[in-house]
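Trainee: Chain by chain, the residues:
There are 2 protein chains.
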Amino acid sequence: MMLNTNKNILIVGLGLMGGSYAMGFKKLGFKISAIARRQETIDYAIENNIIDEGFTGPDPEVLGKADIIVFGLYPQIFIDWIKDNQQHFKKGALLTDVTGVKGSVVYEVQSALRDDVEFIAAHPMAGKEVYGVENADDRIFHGANYIVTPTSKNTPEAIEDCLEIGRLLGFANVSVLTPEKHDEMIGFVSQLTHCIAVTLMNCCDDENLKNYTGDSFRDLTRIARINDKMWSELFIMNKPALLHQMHRFEDQFDRLKAALLNGDEQTMREMMQISTTRRALFDKK
Amino acid sequence: MMLNTNKNILIVGLGLMGGSYAMGFKKLGFKISAIARRQETIDYAIENNIIDEGFTGPDPEVLGKADIIVFGLYPQIFIDWIKDNQQHFKKGALLTDVTGVKGSVVYEVQSALRDDVEFIAAHPMAGKEVYGVENADDRIFHGANYIVTPTSKNTPEAIEDCLEIGRLLGFANVSVLTPEKHDEMIGFVSQLTHCIAVTLMNCCDDENLKNYTGDSFRDLTRIARINDKMWSELFIMNKPALLHQMHRFEDQFDRLKAALLNGDEQTMREMMQISTTRRALFDKK
Numbered sequence: 001m002m003l004n005t006n007k008n009i010l011i012v013g014l015g016l017m018g019g020s021y022a023m024g025f026k027k028l029g030f031k032i033s034a035i036a037r038r039q040e041t042i043d044y045a046i047e048n049n050i051i052d053e054g055f056t057g058p059d060p061e062v063l064g065k066a067d068i069i070v071f072g073l074y075p076q077i078f079i080d081w082i083k084d085n086q087q088h089f090k091k092g093a094l095l096t097d098v099t100g101v102k103g104s105v106v107y108e109v110q111s112a113l114r115d116d117v118e119f120i121a122a123h124p125m126a127g128k129e130v131y132g133v134e135n136a137d138d139r140i141f142h143g144a145n146y147i148v149t150p151t152s153k154n155t156p157e158a159i160e161d162c163l164e165i166g167r168l169l170g171f172a173n174v175s176v177l178t179p180e181k182h183d184e185m186i187g188f189v190s191q192l193t194h195c196i197a198v199t200l201m202n203c204c205d206d207e208n209l210k211n212y213t214g215d216s217f218r219d220l221t222r223i224a225r226i227n228d229k230m231w232s233e234l235f236i237m238n239k240p241a242l243l244h245q246m247h248r249f250e251d252q253f254d255r256l257k258a259a260l261l262n263g264d265e266q267t268m269r270e271m272m273q274i275s276t277t278r279r280a281l282f283d284k285k
Numbered sequence: 001m002m003l004n005t006n007k008n009i010l011i012v013g014l015g016l017m018g019g020s021y022a023m024g025f026k027k028l029g030f031k032i033s034a035i036a037r038r039q040e041t042i043d044y045a046i047e048n049n050i051i052d053e054g055f056t057g058p059d060p061e062v063l064g065k066a067d068i069i070v071f072g073l074y075p076q077i078f079i080d081w082i083k084d085n086q087q088h089f090k091k092g093a094l095l096t097d098v099t100g101v102k103g104s105v106v107y108e109v110q111s112a113l114r115d116d117v118e119f120i121a122a123h124p125m126a127g128k129e130v131y132g133v134e135n136a137d138d139r140i141f142h143g144a145n146y147i148v149t150p151t152s153k154n155t156p157e158a159i160e161d162c163l164e165i166g167r168l169l170g171f172a173n174v175s176v177l178t179p180e181k182h183d184e185m186i187g188f189v190s191q192l193t194h195c196i197a198v199t200l201m202n203c204c205d206d207e208n209l210k211n212y213t214g215d216s217f218r219d220l221t222r223i224a225r226i227n228d229k230m231w232s233e234l235f236i237m238n239k240p241a242l243l244h245q246m247h248r249f250e251d252q253f254d255r256l257k258a259a260l261l262n263g264d265e266q267t268m269r270e271m272m273q274i275s276t277t278r279r280a281l282f283d284k285k
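Note that the protein sequences, when read in sequence, are chains A and B.
First residue of the first sequence? That's 1 in this note's numbering, and the numbers climb one at a time after it.
First residue of the second sequence? That's 1 in this note's numbering, and the numbers climb one at a time after it.
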């Protein structure tokens, strides 16, 4: 497949992420169809030039003409949706997703899928603390990372097309990881950090705290505003990798705590020097 | 005392914080003297209109005419400096500081101090990850919190003057706490968060991590670039309160970890709902 604007793109699930994909593709000149549960979502998206047409159910005709289908649904819903509706897909269609956990999704979808369509998983590492198509904004992709997680079932062409989707949408960095390596990494940089933010907010119920707070606390808890249904599902889907990361974090946290307890300034300073050096690599260019 | 521009203000220690105080006061029309170790610091500050005059040592004449002295030094240096030089202070002078820990500073300074000058502690909760007068910027105070921590030795007038300093410098919120309550609170919102950021960066030495990182990880580790000398000193000065906060954090973290381990989605979602509700209070207006 070549990603040109003759291709029909269908977005299934028109929330923040699906809406932002639609917006980005539409600006590039693609014709965008979408499926969303609520008619109001579709009306909003059409009025705001985010999509060209929308449907509240899996219309066979719409599914049958889509060359590229992007799933912006919750993980379990998305797997079931594919199983229920795949008979309508166009032969040769390319399916991709935005799910934050891969190992427990990719293999299940690929093994259930018809042989003449291809599912290639991707994780756009962008987001906001708000939801819904009303907050869709393709600019969240700019400067962000995008990861494709192919398996042995994927073709080189699909991998390249999926990377190209990331580039077209304006991601700063597109890369390829195995589903397993992706989940290990995401357990650390995304899920563990959300665990920490949620934990911090559960430590203290003093409503006056906001008057004594500096930017540090605000930074560490920005992501504590969290979609509890989605994130608890993602945590459970990635349970072994996330538990491993939580243990690793606790080991290092205990090392710092022991150093403080023992007045071991040297160890504290060494850990701070390491963190300072490593963190310098992470500033956005 | 009334805070009008006839008062001579002396800044001791012309780093990021001392420099930002100087800059803010100077814009208000005060005449600013400063003491810094290096002549280049003074030259830079004069050339950039941050101070009016500067000295590399505790010039008795300068100390003798200062109505307000702001200490922007490291905690232990600052305590020794006051003990060594207090004989030169002007009768009735008001001394204040910017130190991030209070209990282990305030009582020691006040008990060592001459009876005819007054030390009233304050904590401007603002900062950057960079240092030095070259990065001074009084706009870091805007939108930030400022806390005065008086003891029974302080007069109502000094408390009011110290609050007024915070208001004049443009802090969004000025408040009063006991040194003990301040240290408990700062152990939570500031020191614990720095511990977490440092710990996170010590968990992983994969240099490719930056290609797979979203904003969450960047947010939680921004403060991992840390002045190791200053922060290890601050941690040790606030050891009991910080250890207490580290234990509280671990208790909640373990609760979340156990919920994940047991597949207890209900507890995870409750913790996330609490964090979402509480965090909503913390956005800057």
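Worth flagging that the hints you see were computed from the coordinates, not collected in a lab.
Only a predicted model underlies this, so the values are computations on that prediction, with no experimental measurement involved.
Glycine included, every Cβ here is placed at the ideal spot set by N, Cα and C.
One should not assume that every hint holds.
Said to hold, decoys possible - If the Cβ cut is set under 7 angstroms, some of the chain B residues that face chain A in the computed set are:
id, residue
1, Lys27
2, Leu28
3, Val189
4, Ile226
5, Phe249
Trainee: Each hint: holds or not?
Mentor: Against the structure, the hints:
1. Lys27: Because about 22 angstroms separates Lys27/B from the closest Cβ in chain A, which is outside the 7 angstroms limit, the hint is violated.
2. Leu28: violated, 23 angstroms
3. Val189: It holds, given that the least Cβ distance between Val189/B and chain A is near 4 angstroms, below 7 angstroms.
4. Ile226: Because about 5 angstroms separates Ile226/B from the closest Cβ in chain A, which is inside the 7 angstroms limit, the hint holds.
5. Phe249: Where the cut-off is 7 angstroms and the nearest Cβ of chain A is about 6 angstroms from Phe249/B, the hint holds.
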